[in-house]
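Can you make the complete structure from the sequences, with help from the hints?
Chain residues, written in single-letter form:
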Amino acid sequence: MLFYLYSSIGFIAAIMLQMGIFSRAALFSGTADVVLLFLAAWSLRQQQKYSWVLVVIFGLILSAISAAPALSLLIVYLSVFLAATRLQMGLWRSSLLSMFLLVFFGTFLAHGVYIAGLFARGVSISLTEAFTQIMLPSVLLNMLLTIPIHALVQEIFRNAAPIGTEI
Amino acid sequence: MRNLFTSTNIRNIIILLVVVGILMLAVSGYLTPLFSLTFSPLISTQSWLSQRYLAIRDLFSSPRDMASLRERNILLENEVSQLQSQIVELQENLSQAQILYTLLDFARTNPQHEYTAATVIGREISPYYQYIIIDKGSNQGIMHGMPVVTQQGLVGRIDAVVANASRVQLISDAESVVNIHLQNAKVEGQIIGSITGEIYLEMIPQDAKIQVGDVLLTSGLGGNYPANIFVGQVLSMQSQQNRLFQSGSVQSIVDFSTLSAVLIITNFEAVDITPLVP
Chain A
4 MLFYLYSSIG FIAAIMLQMG IFSRAALFSG TADVVLLFLA AWSLRQQQKY SWVLVVIFGL
64 ILSAISAAPA LSLLIVYLSV FLAATRLQMG LWRSSLLSMF LLVFFGTFLA HGVYIAGLFA
124 RGVSISLTEA FTQIMLPSVL LNMLLTIPIH ALVQEIFRNA APIGTEI
Chain B
-4 MRNLFTSTNI RNIIILLVVV GILMLAVSGY LTPLFSLTFS PLISTQSWLS QRYLAIRDLF
56 SSPRDMASLR ERNILLENEV SQLQSQIVEL QENLSQAQIL YTLLDFARTN PQHEYTAATV
116 IGREISPYYQ YIIIDKGSNQ GIMHGMPVVT QQGLVGRIDA VVANASRVQL ISDAESVVNI
176 HLQNAKVEGQ IIGSITGEIY LEMIPQDAKI QVGDVLLTSG LGGNYPANIF VGQVLSMQSQ
236 QNRLFQSGSV QSIVDFSTLS AVLIITNFEA VDITPLVP
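Protein chains in written order, with my numbering: chain A, 4 to 170; chain B, -4 to 273.
Don't read these hints as lab results, they were simulated from the structure. There may be inaccurate statements among the hints.
[Stated by the list, open to error] Partner residues aside, some chain A positions facing chain B, computed with beta carbon under 7 Å:
{"hint": "1", "residue": "Q21"}
{"hint": "2", "residue": "G23"}
{"hint": "3", "residue": "S26"}
{"hint": "4", "residue": "R27"}
{"hint": "5", "residue": "G33"}
{"hint": "6", "residue": "S69"}
{"hint": "7", "residue": "A70"}
{"hint": "8", "residue": "A71"}
{"hint": "9", "residue": "V126"}
{"hint": "10", "residue": "A133"}
{"hint": "11", "residue": "I137"}
[What the hints assert, rightly or not] In silico negatives: residues of chain B with every beta carbon more than 12 Å from chain A:
{"hint": "12", "residue": "S23"}
{"hint": "13", "residue": "L29"}
{"hint": "14", "residue": "L37"}
{"hint": "15", "residue": "Q81"}
{"hint": "16", "residue": "S133"}
{"hint": "17", "residue": "M138"}
{"hint": "18", "residue": "Q147"}
{"hint": "19", "residue": "N179"}
{"hint": "20", "residue": "A203"}
{"hint": "21", "residue": "F225"}
{"hint": "22", "residue": "S252"}
{"hint": "23", "residue": "V266"}
Beta carbons: idealized from backbone N, C-alpha and C, even for Gly.
Next up, the structure:
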């Protein structure tokens, strides 16, 4: 139960930090996605049976808050979560490498979904501009924040849910 | 007369003269070397004695003084940090008050509208969408479609509302289209946002003479915004012979990245013309 409580607080804090601070700190037009980073680190740490429920709940909440097309964020976050559970099965022993992999491809996936959503709404955008002005700066910012957020999440959940325990 | 020159009187007069003489010598400075020679050892001795006394007194009293000084120092440091935090808080209040005064001035100079002030509490998560979140919602009478402005000009319109918060679509959003008219050229056109937040001017007739710096105001066409709200200035224009319209870029006066407070025009009802669109 403690794990779910800590996880919920973590998700809420990540959403608030994202909307209040990180969305305003832009590099060119790209921004870091702290929610995605938290989700990736948390997904690699969790071993609970019903963790996916939290991802669905917070994915739905974010879909409601965001102006992005309905359920697009839920799709992105569930994909990252599922990829993390596959990586947990032993592709790499280091969770930090898995985290880098998740964040790198997760960011591209999220941006791909955002761009697809804009095309679906009939907005004409320049893909080159999207790639150079938004996508690449966002990937860079996310990669820079990967290590601190991974370390923070690992430290928080070390006490809340030691690996190997089923709560 | 006989009494005046008695031996006693003569002695007193001599003593008096000697004393006056010594005083005169002292005042005129002739006795300074003598005084120095006499008093220097005394002063040195007195100084040495005093220093030793103070040193011994400090030896016994300093631990108590140090403790009280440290205590006093901690108290003063606490007081300084409290005052510093108060200064920061007051500076924040001052800057917030300045913004609100400016918004109030704008509301007074545009009395045809009713306004509700709101604070910007967040920005859209996705960098592809230009939206902000404000702290006023349906509980404060905010409704979908209401225009949002600052003292500098048009910001956008309410896109989604919950009880105590709303989402505002900025005019720099890629899906935003605002009908405008150029005050100097007396032509109408549209401004369209982009994914990077830049604003473009479209649908300007080829024969229109547009100058850099021309002012853009809302035209009111389409029913989404009230007329004559300041939008920005023309930054550059591009005209190609093979195209029907001129296009250009617009510099908004509002800095969307640093928005902290906005005004919502609450007595304007947006017209939904979607059913009329073929």
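Results of checking the hints against the structure:
1. Q21: holds, 6 Å
2. G23: Where the cut-off is 7 Å and the nearest Cβ of chain B is about 5 Å from A:G23, the hint holds.
3. S26: holds, 4 Å
4. R27: At 6 Å from the nearest chain B Cβ, A:R27 passes the 7 Å test, so the hint holds.
5. G33: Interface hint status for A:G33: holds (6 Å vs cutoff 7 Å).
6. S69: Holds - the Cβ of A:S69 comes within 7 Å of chain B, reaching about 5 Å at its closest.
7. A70: At 4 Å from the nearest chain B Cβ, A:A70 passes the 7 Å test, so the hint holds.
8. A71: Since the shortest Cβ distance to chain B is 5 Å, the answer is holds.
9. V126: With Cβ-Cβ at 5 Å, under 7 Å, it holds.
10. A133: holds, 6 Å
11. I137: holds, 5 Å
12. S23: holds, 82 Å
13. L29: Per Cβ check, B:L29 is outside 12 Å of chain A; nearest 82 Å; holds.
14. L37: Fine: 73 Å to the nearest Cβ keeps B:L37 off the interface.
15. Q81: holds, 24 Å
16. S133: holds, 15 Å
17. M138: Label holds. Min Cβ-Cβ 18 Å, cutoff 12 Å.
18. Q147: holds, 19 Å
19. N179: holds, 29 Å
20. A203: holds, 23 Å
21. F225: holds, 24 Å
22. S252: violated, 7 Å
23. V266: Its Cβ never comes within 12 Å of chain A, the nearest being 21 Å, so this holds.
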